[in-house]
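Peer 1: Here is what each chain is made of, one letter per residue.
Protein chains: 2
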Amino acid sequence: MAGPRRRRMRAVPRHAAIELIALDGIPEVTPGDDLASLIAAALERGGIGLRDEDVLVVTQKVVSKAEGRVVALASVQPSAEALEFATRWGKDPRQVELVLRESVEVVRMESGLIIARTRHGFVCANAGVDLSNVGGGEVATLLPDDPDASAGALREALGERSGARPAIVISDSFGRPWRNGIVNVAIGTAGIQALADLRGRPDAQGREMRSTVIALADELASAADLAGGKVAQRPVVLVRGYAYTPSGTDDRGAQALVMPREQDLFP
Amino acid sequence: MAGPRRRRMRAVPRHAAIELIALDGIPEVTPGDDLASLIAAALERGGIGLRDEDVLVVTQKVVSKAEGRVVALASVQPSAEALEFATRWGKDPRQVELVLRESVEVVRMESGLIIARTRHGFVCANAGVDLSNVGGGEVATLLPDDPDASAGALREALGERSGARPAIVISDSFGRPWRNGIVNVAIGTAGIQALADLRGRPDAQGREMRSTVIALADELASAADLAGGKVAQRPVVLVRGYAYTPSGTDDRGAQALVMPREQDLFP
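Protein chains in written order, with this note's numbering: chain F, 88 to 354; chain W, 88 to 354.
To be clear, the hints were calculated from the coordinates, so they are not data collected in a lab.
Heads up, the beta-carbon is just placed ideally off N, CA and C, and yes, glycines get one too.
One or more of the hints may lead you astray.
Output of the computed footprint for chain F on chain W, the stretches with three or more beta carbons under 8 Å from beta carbons of chain F [what the hints assert, rightly or not]:
1. 189–200
2. 266–277
Cβ-to-Cβ under 10 Å is the rule here; a few derived chain F residues that face chain W [what the hints assert, rightly or not]:
3. Ala104
4. Ser309
5. Ala314
Kindly generate the complete structure, drawing on both the sequences and the hints.
Peer 2: Take a look at the structure:
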């Protein structure tokens with residue numbers, strides 16, 4: 088049965104479909120881990136041969152942990168401002184201190200929430216600072232220093248191990264004004280155009296699309312979250328069958344998703 | 088060859104995967120069309136048996152057109168306010184007039200953009216009013232009157248035709264503050280909990296998740312856009328293999344995604 092079964096697995100699906108495949112068996116990541124090796128091993132155990140045409144969506148948390156972007160809370164000395172806000176709202180003052188340090192601008196600081204602009208230009212809760220447990224100790228994970236560079240390095244390392252250079256999207260979960268709930272968005276990309284600019288192209292009715300720029304990397308991050316999930320905690324999702332547009336030498340990464348403040352109606 | 092080929096198509100994939108399948112052959116939709124019949128026919132032509140476990144993501148545009156939520160621009164008499172804004176920014180004053188009529192509040196009206204709150208509570212560009220061509224005439228499509236009811240009616244009609252009652256998500260493309268590009272979000276749902284509230288549940292490290300409410304219906308809408316796309320214009324996407332949480336009798340639809348203004352830091 089092994090032969091035919093194997094062949095059936097590889098059958099071309101009847102309908103061209105995009106597949107979202109969460110990788111099993113990525114272990115708890117700790118500082119210094121080689122994330123590319125962990126992913127390559129998970130792919131191999133799953134019998135999945137990586138292809139240039141694939142997109143790998145990886146959560147920020149495992150990238151940050153592998154890169155050592157973790158801070159032991161015990162080592163943090165909160166400022167007076169952090170202490171006051173934390174006391175008022177029942178927060179950990181050491182986390183608040185890290186949030187303020189990671190922010191270039193506090194956009195809102197009320198009702199126990201801090202919405203901040205990070206130095207990458209992302210506007211999100213807590214400037215991306217998450218509380219976590221690593222090796223039993225209480226730590227905060229910070230966003231990668233340069234998530235596009237993290238994505239690029241992961242792509243190169245996977246290329247060395249597997250011969251394939253897929254597109255990489257590093258995802259994080261952000262809230263939004265006006266809508267309940269968080270969704271996953273892209274904070275770093277490599278090898279893929281994060282935005283599809285369709286302006287000037289005709290739509291199906293031959294009408295020119297005037298304002299259609301699509302944040303495809305954000306949509307890929309959201310799609311991957313459906314497969315990886317918050318509870319299942321499978322931090323790496325393979326997207327297969329999606330014909331992404333490769334970035335050229337002008338790869339701006341996920342920085343292309345950051346709206347310039349002068350264009351923003353909600354600066 | 089037909090027998091084995093058929094069997095191969097139905098093989099269980101080796102890795103549990105979510106599939107995003109854009110339906111081919113949905114024709115241009117016009118007012119009065121029976122959308123459920125068009126979808127059922129497309130599924131049948133594709134050899135896809137609909138299941139209760141599936142999610143169908145349908146773009147707002149085809150729902151609005153089928154429901155006759157279209158206005159011939161020639162019939163619209165613009166107000167002085169609409170005329171002034173349109174003249175200043177090179178817009179069609181009749182479209183601006185419709186945008187103002189569809190808005191309960193104009194959130195921003197500058198740089199040629201109108202960001203408005205619709206009576207459903209959605210904050211989006213142009214209150215969801217799109218210019219389009221229907222039968223050669225220039226029309227505006229408006230959002231459905233009650234997108235959750237539209238989703239519910241479509242679900243019932245599909246159930247009558249196919250015996251299966253999948254979850255329904257009606258999607259539209261919204262911009263966001265701070266980020267370039269639009270992404271698809273949910274404006275109507277039926278049969279599915281739009282939000283997953285994981286607060287109080289332990290994460291993989293046993294730490295209680297304090298603020299994790301995930302806008303799954305928005306993530307489904309974004310995922311579907313990758314398969315359906317703006318250019319390909321395949322307005323219906325089947326999501327198969329995603330274990331959604333069915334809504335109970337307390338189905339609030341996509342209204343669960345609307346943030347109450349008193350909780351909003353950006354009201």
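Peer 1: Evaluate each hint against the coordinates.
Peer 2: Status of the hints after comparison with the structure:
{"no.": "1", "hint": "189–200", "in the structure": "holds (count 4)"}
{"no.": "2", "hint": "266–277", "in the structure": "holds (count 7)"}
{"no.": "3", "hint": "Ala104", "in the structure": "4 Å, holds"}
{"no.": "4", "hint": "Ser309", "in the structure": "4 Å, holds"}
{"no.": "5", "hint": "Ala314", "in the structure": "5 Å, holds"}
Taken one by one, the earlier hints all hold for this structure without exception.
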